[in-house]
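Whole structure, please, built from the sequences with the hints as guidance.
Chains as they are written, first to last, in our numbering: chain F, -19 to 332; chain V, -19 to 332.
I should point out that these hints are in silico values taken from the structure, not numbers from a laboratory. Small disclaimer: the values here were computed from a predicted structure and weren't measured. One or more of the hints may lead you astray.
Same chains, same names: a pair is fine if it fits in one copy or spans any two.
SDA-like cross-link-like pairs, simulated, lysine to any residue; straight-line CA separation at most 20 Å [what the hints assert, rightly or not]:
id: 1; residue 1: Lys205; residue 2: Gln150
id: 2; residue 1: Lys92; residue 2: Arg61
id: 3; residue 1: Lys205; residue 2: Pro153
id: 4; residue 1: Lys205; residue 2: Asn174
id: 5; residue 1: Lys92; residue 2: Gly315
id: 6; residue 1: Lys205; residue 2: Tyr287
id: 7; residue 1: Lys205; residue 2: Gln259
id: 8; residue 1: Lys205; residue 2: Thr152
id: 9; residue 1: Lys92; residue 2: Asp3
id: 10; residue 1: Lys92; residue 2: Glu8
id: 11; residue 1: Lys92; residue 2: Val49
id: 12; residue 1: Lys205; residue 2: Arg283
There are 2 protein chains.
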Amino acid sequence: MAIENPFYTPEVHGPYELYSLGDFPLDEGGVLPDLQLAYTTVGTLNEARDNAILIPTWYSGTHEVMQRVYVGPERALDPNRYFIIIVNQIGNGLSSSPHNVDGAHAGPNFPKVRISDDVRAQERLVRELFGIERLALVVGGSMGAQQVWEWAVRFPEMVRRAAPIAGTAQNTPHDFLYTQNLIDAITHDPGWNNGAYADPSEVVSGLRLHGRFAAVMGWSTEWFKQEHWRRTGDFATLEDFQREFTEGYHEPLDPNSLLSMAWKWQRSDVARNTDGDLQAALGRITATVFAMPISQDMFFPPRDVAYEVAMVPHGELRVIESIDGHMGLMATDPGYLPQVEVNLRELLAIER
Amino acid sequence: MAIENPFYTPEVHGPYELYSLGDFPLDEGGVLPDLQLAYTTVGTLNEARDNAILIPTWYSGTHEVMQRVYVGPERALDPNRYFIIIVNQIGNGLSSSPHNVDGAHAGPNFPKVRISDDVRAQERLVRELFGIERLALVVGGSMGAQQVWEWAVRFPEMVRRAAPIAGTAQNTPHDFLYTQNLIDAITHDPGWNNGAYADPSEVVSGLRLHGRFAAVMGWSTEWFKQEHWRRTGDFATLEDFQREFTEGYHEPLDPNSLLSMAWKWQRSDVARNTDGDLQAALGRITATVFAMPISQDMFFPPRDVAYEVAMVPHGELRVIESIDGHMGLMATDPGYLPQVEVNLRELLAIER
Chain F
-19 MAIENPFYTP
-9 EVHGPYELYS
1 LGDFPLDEGG
11 VLPDLQLAYT
21 TVGTLNEARD
31 NAILIPTWYS
41 GTHEVMQRVY
51 VGPERALDPN
61 RYFIIIVNQI
71 GNGLSSSPHN
81 VDGAHAGPNF
91 PKVRISDDVR
101 AQERLVRELF
111 GIERLALVVG
121 GSMGAQQVWE
131 WAVRFPEMVR
141 RAAPIAGTAQ
151 NTPHDFLYTQ
161 NLIDAITHDP
171 GWNNGAYADP
181 SEVVSGLRLH
191 GRFAAVMGWS
201 TEWFKQEHWR
211 RTGDFATLED
221 FQREFTEGYH
231 EPLDPNSLLS
241 MAWKWQRSDV
251 ARNTDGDLQA
261 ALGRITATVF
271 AMPISQDMFF
281 PPRDVAYEVA
291 MVPHGELRVI
301 ESIDGHMGLM
311 ATDPGYLPQV
321 EVNLRELLAI
331 ER
Chain V
-19 MAIENPFYTP
-9 EVHGPYELYS
1 LGDFPLDEGG
11 VLPDLQLAYT
21 TVGTLNEARD
31 NAILIPTWYS
41 GTHEVMQRVY
51 VGPERALDPN
61 RYFIIIVNQI
71 GNGLSSSPHN
81 VDGAHAGPNF
91 PKVRISDDVR
101 AQERLVRELF
111 GIERLALVVG
121 GSMGAQQVWE
131 WAVRFPEMVR
141 RAAPIAGTAQ
151 NTPHDFLYTQ
161 NLIDAITHDP
171 GWNNGAYADP
181 SEVVSGLRLH
191 GRFAAVMGWS
201 TEWFKQEHWR
211 RTGDFATLED
221 FQREFTEGYH
231 EPLDPNSLLS
241 MAWKWQRSDV
251 ARNTDGDLQA
261 ALGRITATVF
271 AMPISQDMFF
281 PPRDVAYEVA
291 MVPHGELRVI
301 ESIDGHMGLM
311 ATDPGYLPQV
321 EVNLRELLAI
331 ER
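Take a look at the structure:
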């Protein structure tokens, strides 16, 4: 049975549309009945249908943060020039998710969804709804980057350019274990009750712990030392930041939604397209790829991304320097976006 | 009331002596009645009493691991040449600790102990029991390094040389939050029961989570990617390693013991000796200091140690290269000990 959650509404995240894909077969088996993708668009699709940019979302994020941080007039992702589609990943609370579906697939019975399911669903949305055969760019951060990589490998003919930010094509064992800690923070809370809670507030202790786990690896050691949390809002002390920002951000989220995404995050792997051969998978990419890890990222470190992008025929490593680490994705570091903008402009100017 | 715990015995950790300091006043206030330090010695104190080396212990460790990994004939820490004293930190399960004291200070009522309390107690042991006025070297890793730093600042006239490995003089905010996660892993377990469990096995779920969280920051991303856990024992899969090593290591530990040490770890700060002035504190050090952070350490990164050792008059930064990260302290990387040995030999040869 669906749970009413005032957080997952247009009032909080801004307007969005729903695209129904009907009964959607999943890579792990089974079917998600009446799969709905929540998306929004900005700008206008041109007649040639060749100015479309697709942006998938990251863990716990929605289209709202991607639009607010990354899209705008006179920006690289300029809606006056491009038709920008931002799609919420399955399980994120706005697209079909444990708390908003009914019946046999609700809550703890929500089926296992993979990055590849998201990308297959997004491909249908892009093609069926907008008649787009080729995307000028696919760009996203973190789990959004995982979807970008999958797009470039699975549908090479449809992806002209790809910009995975702070994310890998094949999740690493360390990242798997890190994400497991996020999962454990929730599932160790007795209030979680194997997913059968009546209201997310019963799991508030686990959600807060989840947030505190995420913060320690999310920012960087130096970010905390230099007290850059002061830049993220009006916090008098680190304790205030932790309570109001770190815990406050996570408290309204649906625990089963986070668990659905975390399971997906752990298993992201483009080599599933090529019988486990990562080099073969990345070698299939025809897009021009600018891979942008963040220098101080503690769980998607530049080393791991450098290893992968070296196998991409037209791939380049573009490290974004920031002591904000992975959370730099939210552009809390004023030096972050200018670097991303320069790279995206250069990438979009490449006419290969 | 004391809890029988078969883990904290000579059968597991090898023989040790107890030195009683009587009622010991603590820096946080109050008194620890009949404080016992568990220690062992190797080698012989010479007539001049100037060949003594002191080794304090790290979080969850005892004298056993320090002796096994770092001490031996023809090693830098050679018992044929030096009189080596290994002292268990307060709260570690062998020295006075929550589970082994009786009465009003038992279990959850064990008083707050600081690094400075350990060092004051160790100074008495060294002086009263052995008549040593000056130590040839104080060396330790992690929380052991925190004690080394405190020794060099608090008793400069007694410390001729100091070698803090993988630890800082002043704990960082990031490290505080990381340690808080370790604490939370235990205290969020309902079995912990505010410390009033009857047996540590009631907290096994929290202890396992504590272990899994420690592992993610304890090793490095690259260590997991290269599957170096295969070097730590006979494990067929990463899951086996996690269950048998990561969880298995933590399961027999006393939860309140870990919490006592974690609280201490979080608040390690030599600047408490100088009204918060870190530069003044480190400037007091007369010892020759070789500070040895481990290159891939995720919570005591070289950057933080470099910042501190630059303020030490006769201090040098000696980074130990290892992808094993912080856990490299256990010498799982065959390239680790040779680097430490070279530095310790060079340090011990300096006659300033």
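Up to 20 Å CA-CA - Asp3 versus Lys92, copy category:
Result: close within a single copy only, 15 Å intra versus 59 Å inter.
20 Å Cα cut-off: does Lys205 pair with Arg283 within a copy, between copies, both or neither?
The answer is between: 11 Å across copies meets 20 Å, while 24 Å in one copy does not.
For Lys205 and Thr152, with the copy left unspecified, which applies at a CA distance of at most 20 Å: within, between, both, or neither?
Between. Shortest inter-copy distance 6 Å satisfies the 20 Å Cα cut-off; intra-copy 27 Å does not.
Intra- versus inter-copy proximity for Tyr287 and Lys205 (alpha-carbon distance at most 20 Å):
For Lys205 and Tyr287, the Cα distance is within 20 Å only across copies (11 Å; inside one copy 30 Å).
Using 20 Å as the alpha carbon limit, work out where Lys205 and Gln150 are close: within a copy, between copies, both or neither.
Cα proximity of Lys205 and Gln150: across copies only (11 Å, versus 31 Å in one copy).
Reference check for the pair Lys92 and Glu8, CA-CA at most 20 Å: within, between, both, or neither?
within (6 Å within a copy, 51 Å between copies)
Give the relationship of Lys205 and Gln259 under a CA distance limit of 20 Å: within one copy only, between copies only, both, or neither.
between (39 Å within a copy, 16 Å between copies)
Within a copy, between copies, both or neither: which one fits Lys205 and Pro153 at a CA-CA cutoff of 20 Å?
So Lys205 and Pro153 pass the 20 Å test across copies only (6 Å; inside, 28 Å).
Intra- versus inter-copy proximity for Gly315 and Lys92 (alpha-carbon distance at most 20 Å)
So Lys92 and Gly315 fail the 20 Å test inside a copy (38 Å) and across (42 Å) alike.
Evaluate Lys92 and Val49 at a C-alpha cut-off of 20 Å and name the case that applies: within, between, both or neither.
neither (30 Å within a copy, 45 Å between copies)
At most 20 Å between CA atoms: does that hold for Lys92 and Arg61 within a copy, between copies, both, or neither?
This pair counts as neither: shortest intra-copy Cα distance 37 Å, inter-copy 62 Å.
Is it within, between, both or neither when you check Lys205 against Asn174 at 20 Å Cα-Cα?
neither (38 Å within a copy, 31 Å between copies)
Hints 2, 4, 5 and 11 from the list above are not met by this structure, while the remaining hints are.
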